[in-house]
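K.L.:
Using the sequences plus the hints, can you model the full thing?
For the record, the sequence lines run as chains X, A, D and S. One point on numbering: in the working numbering, the residue at position 133 of the first sequence is 462, and numbering is uninterrupted. One point on numbering: in the working numbering, the residue at position 79 of the second sequence is 408, and numbering is uninterrupted. One point on numbering: in the working numbering, the residue at position 252 of the third sequence is 581, and numbering is uninterrupted. One point on numbering: in the working numbering, the residue at position 109 of the fourth sequence is 438, and numbering is uninterrupted.
Honestly, the hints are just simulated from the structure, not real lab data. It is possible that some hints are incorrect.
One copy or two, it doesn't matter: identical chains are merged, so the pair holds either way.
As the list claims (entries may be wrong) - Cut-off 30 Å, straight-line C-alpha distance, at most; resulting in silico cross-link-like pairs (DSS-like, lysine-lysine):
id	residue 1	residue 2
1	396	544
2	349	444
3	650	423
4	650	447
Here's the letter readout for the chains.
Protein chains: 4
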Amino acid sequence: MIIVLKPHATQEEIDHVLEKIESFGFTPHVSRGVERTIIGVIGDERIIQEKPLEALPGVEQVLPVLKPYKLASREFNPQGSVIEVSGVRVGERKVVVIAGPCAVESRERLLQVAKEVKAAGAHLLRGGAFKPRTSPYSFQGLGAEGLRYLLEAKQETGLPIVTELMDTREADLVLEYADLIQIGARNMQNFRLLKEVGGHRKPVMLKRGMSATIKELLLAAEYIMSEGNYHVILCERGIRTFEDSTRNTLDLSAIPLIKQLSHLPVVVDPSHGTGKWDLVSPMALAAVAAGADGVMVEVHPRPEEALSDGPQALLPDLFAKMMESLRRVAEAVGRSL
Amino acid sequence: MIIVLKPHATQEEIDHVLEKIESFGFTPHVSRGVERTIIGVIGDERIIQEKPLEALPGVEQVLPVLKPYKLASREFNPQGSVIEVSGVRVGERKVVVIAGPCAVESRERLLQVAKEVKAAGAHLLRGGAFKPRTSPYSFQGLGAEGLRYLLEAKQETGLPIVTELMDTREADLVLEYADLIQIGARNMQNFRLLKEVGGHRKPVMLKRGMSATIKELLLAAEYIMSEGNYHVILCERGIRTFEDSTRNTLDLSAIPLIKQLSHLPVVVDPSHGTGKWDLVSPMALAAVAAGADGVMVEVHPRPEEALSDGPQALLPDLFAKMMESLRRVAEAVGRSL
Amino acid sequence: MIIVLKPHATQEEIDHVLEKIESFGFTPHVSRGVERTIIGVIGDERIIQEKPLEALPGVEQVLPVLKPYKLASREFNPQGSVIEVSGVRVGERKVVVIAGPCAVESRERLLQVAKEVKAAGAHLLRGGAFKPRTSPYSFQGLGAEGLRYLLEAKQETGLPIVTELMDTREADLVLEYADLIQIGARNMQNFRLLKEVGGHRKPVMLKRGMSATIKELLLAAEYIMSEGNYHVILCERGIRTFEDSTRNTLDLSAIPLIKQLSHLPVVVDPSHGTGKWDLVSPMALAAVAAGADGVMVEVHPRPEEALSDGPQALLPDLFAKMMESLRRVAEAVGRSL
Amino acid sequence: MIIVLKPHATQEEIDHVLEKIESFGFTPHVSRGVERTIIGVIGDERIIQEKPLEALPGVEQVLPVLKPYKLASREFNPQGSVIEVSGVRVGERKVVVIAGPCAVESRERLLQVAKEVKAAGAHLLRGGAFKPRTSPYSFQGLGAEGLRYLLEAKQETGLPIVTELMDTREADLVLEYADLIQIGARNMQNFRLLKEVGGHRKPVMLKRGMSATIKELLLAAEYIMSEGNYHVILCERGIRTFEDSTRNTLDLSAIPLIKQLSHLPVVVDPSHGTGKWDLVSPMALAAVAAGADGVMVEVHPRPEEALSDGPQALLPDLFAKMMESLRRVAEAVGRSL
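P.N.:
Below, the structure written as structure tokens:
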């Protein structure tokens with residue numbers, strides 16, 4: 330950590346900063362430049378990053394040198410992690426496709442979609458039983474009933490289930506059914522929920538918050554991992570920007586960037602990332618070209634009747650077409666589907 | 330609601346849209362312009378806003394006419410609401426000041442700060458017992474012990490307590506101690522938590538999420554109110570933008586805007602809004618000048634030793650000075666402190 | 330255009346709005362709903378969009394129905410435009426690659442890079458003679474001398490030249506040398522510069538401003554086209570967001586979106602879009618997978634000595650490798666390189 | 330400047346970095362920590378900031394220690410600058426009010442507004458003769474004719490004139506009429522225009538770009554000042570964020586922040602900052618409470634007929650009322666109007 334002092338910091342102020350650093354058990358190194366004096370701090374920066382050194386008189390700024398996460402960092406597992414979800418391995422050469430409706434709406438419809446996405450080659454089935462909705466007047470999901478339909482769909486198709494957990498009180502219930510627990514974007518910094526899933530050994534798909542930096546996403550993963558659950562998959566799903574012609578701005582540069590910074594696999598959700606069904610397929614292809622380990626896509630047989638996010642759902646036949654293109658792009662970048 | 334059709338929408342597509350609208354129990358009105366055909370929909374828009382009409386073939390865009398919130402809207406209570414917090418009334422002529430440390434760190438320190446902010450004229454005492462922290466390695470709060478210290482500080486000073494609730498499982502505990510329950514920015518769309526506090530009758534201070542629009546903030550308030558708890562105070566605490574020289578960008582235009590759109594009182598948190606103690610006082614003055622019903626400020630006797638957010642805390646004597654200026658500005662805009 | 334009235338708009342206010350509309354030569358249609366009265370306006374909306382109807386008493390909001398651009402819209406040329414740059418056709422099946430140094434730094438270095446990118450398969454040579462730099466103390470480009478080196482490089486390699494115009498006073502000079510005139514992101518709304526290049530018939534590559542919406546980008550193109558120059562290529566180069574681990578956030582969803590809204594070709598600049606050389610190649614591949622008509626990439630033989638933007642430049646051999654991958658991805662999505 | 334090396338940087342890479350630094354005439358200081366080696370660079374950082382050291386193999390990040398601007402920095406003139414605009418002093422105790430129509434539309438209307446704002450106490454008259462408009466089909470200003478009307482209004486009222494310069498080719502013309510030259514937000518990084526006005530001695534009001542950081546604003550001021558023109562006033566006018574219920578997000582924390590970082594005066598434009606006339610007055614009061622040296626407000630006698638930005642213009646009587654409140658708030662914070 331580097332501490333930059335104000336131009337006219339007094340000797341008294343400097344001494345006070347040095348004392349502070351030493352009182353925390355660290356060694357300061359003073360370096361006097363022409364315009365500024367700087368102090369280097371040697372020691373485990375993650376501990377000292379917690380100290381409010383910026384509040385000390387005479388301090389202009391504090392520059393961290395190390396990343397604040399450890400378990401989620403690339404250095405922790407340089408060759409990259411593979412997360413297994415009931416037999417489906419995420420993070421290897423093979424690109425994984427998660428598909429299904431936004432929300433579980435009825436038993437029949439879910440079974441129908443599950444069969445269709447299975448036939449088109451999907452590896453995991455998504456479907457929300459508990460739905461976080463912006464308005465209290467929107468459909469909030471079928472709850473436990475929805476989970477039972479998901480299980481039935483899994484039994485019929487063999488596809489493991491991805492579904493969202495929203496409340497610590499429902500952890501046991503959701504953990505009973507889900508093969509991969511989704512933590513939604515709005516809950517990326519619901520730290521109690523992160524700790525809860527960190528206390529189990531089920532794989533977790535952590536979606537990036539809509540205003541979260543990559544650093545914050547990795548710190549959220551660190552919350553889960555620091556509780557002992559290392560089975561974490563990250564999901565880029567678009568960030569909030571000033572552009573209003575798409576629902577979010579899908580940040581595909583997050584893929585190669587996360588690959589540099591972290592060992593965790595990355596999947597991309599172009600459905601939420603764009604909010605428009607006709608942008609989903611091009612962005613799914615782009616995600617794979619950029620190195621994503623998987624894509625998650627919403628599929629609905631009648632988007633105009635969907636109870637949630639209809640405008641961004643693909644029809645099953647468009648999904649099947651997308652799968653063909655996805656295979657070609659995956660192969661072009663040395664992967665398979 | 331207005332539905333704009335694509336330039337070359339076929340008659341079949343138009344008929345399909347009309348049928349859909351009628352099947353929902355609404356009446357469509359078709360209007361053919363030179364370049365576009367539009368369909369007006371008559372009926373309770375909040376119901377039909379749920380329908381994914383954008384997913385219908387031939388539809389270019391869907392324009393809502395009504396606001397999606399009702400109980401939080403100005404029209405629901407045109408003269409404005411006053412929320413009472415254990416005797417302190419928020420939303421009247423008198424501007425309310427909430428002050429205290431970011432986190433409760435020890436019994437002694439809390440009691441000291443409580444007495445100092447009381448002496449300077451604060452009306453409510455803030456202090457976090459449960460702390461949402463970006464890193465799992467940061468101080469997470471004293472929990473139940475912190476709540477007991479807050480109660481003691483209340484008994485000594487008479488200041489009602491504002492403290493944060495982070496987890497539905499802790500609702501009973503926090504409700505026992507808090508006079509005003511804070512829902513933090515990161516939990517503004519933790520819908521289960523919103524419903525939980527909506528089920529009680531304790532006043533709630535709902536902080537704006539760092540990437541939440543005003544519309545979304547009002548919808549989050551609607552979640553609480555639709556469960557029956559109308560005692561909601563809104564808090565502007567800065568939004569996330571590209572500017573990185575402040576922690577957040579404090580959006581003071583939210584104050585007069587919320588006053589137009591909603592009947593709920595608005596307080597401003599310039600400590601989180603700026604992240605820098607030397608910007609807190611000017612922004613608190615600005616907030617009151619812009620019409621805020623209150624301000625919430627972090628005060629710490631030794632910011633350099635704070636376990637959370639030291640760089641943004643005011644020293645007690647600076648807080649006392651700020652209170653004097655605040656009084657003058659409040660009077661300049663026809664209010665009092 | 331739809332005008333939504335306030336809930337308690339008086340009859341007098343409504344009549345005043347109707348009169349206004351008629352005074353502009355348009356026909357209003359009143360529709361009274363349960364909660365709001367709305368007025369539809371029939372006529373050429375682009376004219377009436379100029380009128381400040383939102384300022385009329387009793388008006389709550391004005392909802393435009395039509396896009397504000399015409400010449401740049403997809404409807405103007407549904408099959409899509411192909412822009413020819415001295416023999417290189419942009420907007421066809423073949424993906425076009427623009428490569429070269431950020432700035433022209435010396436004759437020798439430019440000639441070297443030009444030959445290397447030519448050998449690797451680039452179609453156009455980029456290089457800045459006039460450089461827009463954030464700091465006045467940064468290298469500002471070689472000016473006219475740089476243009477002469479570009480011409481020499483073109484004569485040696487046969488690659489047409491892409492270079493930036495920054496000042497209306499230099500239009501004649503730059504137009505003499507450039508095959509494709511670049512309007513930089515910072516000048517996307519330098520309307521005089523847009524009109525200036527609109528008055529010539531040289532092709533123009535218009536880069537999206539760092540905080541410009543797609544709508545504003547298309548309106549900037551409309552500025553050029555409305556002066557008579559239809560030879561416009563759009564360039565996505567990243568937008569400014571809160572994420573600070575990349576220089577900008579490259580918005581690849583802009584590609585399929587622009588393809589829907591406009592007939593103009595789209596190229597992508599992953600060098601400025603990411604600011605990091607090791608993200609350039611994955612994002613170039615992603616751009617082509619998403620449907621881009623071309624990519625523009627910075628190449629420098631010794632990035633550590635570059636006078637501008639060294640950290641985002643590819644070494645020539647990495648560029649050559651990228652070209653191979655690009656070819657495979659292009660073919661996977663039915664195109665060629 | 331601090332250079333942080335990658336965890337596994339080789340000795341060869343480290344040596345290469347050291348050589349580079351020395352070849353630029355600077356002295357490196359190596360410091361080996363547990364997890365990272367860092368190199369401190371002693372010397373004038375503004376020169377070395379230009380060097381692309383991030384492109385060197387083995388380098389993880391480069392941390393600047395000094396601000397990149399000098400003439401605009403607070404240290405250059407610690408007591409703060411006062412800029413005189415034809416007798417009106419900006420930057421002293423007295424808060425300055427600039428008022429007038431967005432665009433000059435006709436001689437009569439301009440004279441009328443000029444007299445009204447003068448009567449209400451304004452100190453400077455604003456009015457655009459050259460207008461930057463997002464759409465080419467919008468009113469573009471009266472040009473030279475507008476400048477003549479402004480001169481006439483100045484002669485009648487005694488109010489000095491603030492008007493915008495958009496094109497280097499019109500500098501002579503605008504300089505002849507303007508007392509204070511406005512550089513608009515869209516041209517904040519039109520570096521040629523900055524240099525042009527830097528070459529004269531007329532005061533310049535530089536508006537913050539809609540996606541410009543404070544650092545970039547100060548670097549844009551540095552462009553003007555480095556050409557010799559030190560008469561620069563900065564203007565906060567709102568930045569672009571995700572919030573769409575206001576035209577921009579007015580960043581009032583920029584006021585105290587700029588006061589810390591720079592000696593230049595700051596005025597605030599709440600009309601563009603909010604885009605809504607009913608938010609203008611509260612935000613003007615807030616700006617003065619936060620320490621602004623002036624406010625600039627759009628006033629129009631018939632906003633519904635304005636040719637530009639009608640929805641954000643105040644009626645003359647509302648402006649007069651705002652002036653009364655402004656006076657009270659100015660006095661509350663130790664200033665006058």
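K.L.:
All hints, please: hold or fail.
P.N.:
Outcome of the hint check:
For the homomeric pair residue 396 and residue 544, the shortest alpha-carbon distances inside one copy (8 Å) and between copies (24 Å) are both at most 30 Å. For the homomeric pair residue 349 and residue 444, the shortest alpha-carbon distance between copies (27 Å) is at most 30 Å, but the shortest distance inside one copy (64 Å) is not. Proximity of residue 650 to residue 423 under the C-alpha cut-off of 30 Å is found in both arrangements, the shortest distances being 19 Å within a copy and 23 Å between copies. In this assembly of identical chains, the alpha carbons of residue 650 and residue 447 lie at most 30 Å apart only when taken from the same copy (14 Å versus 36 Å across copies).
Violated hints are absent here; each numbered hint is respected by the structure.
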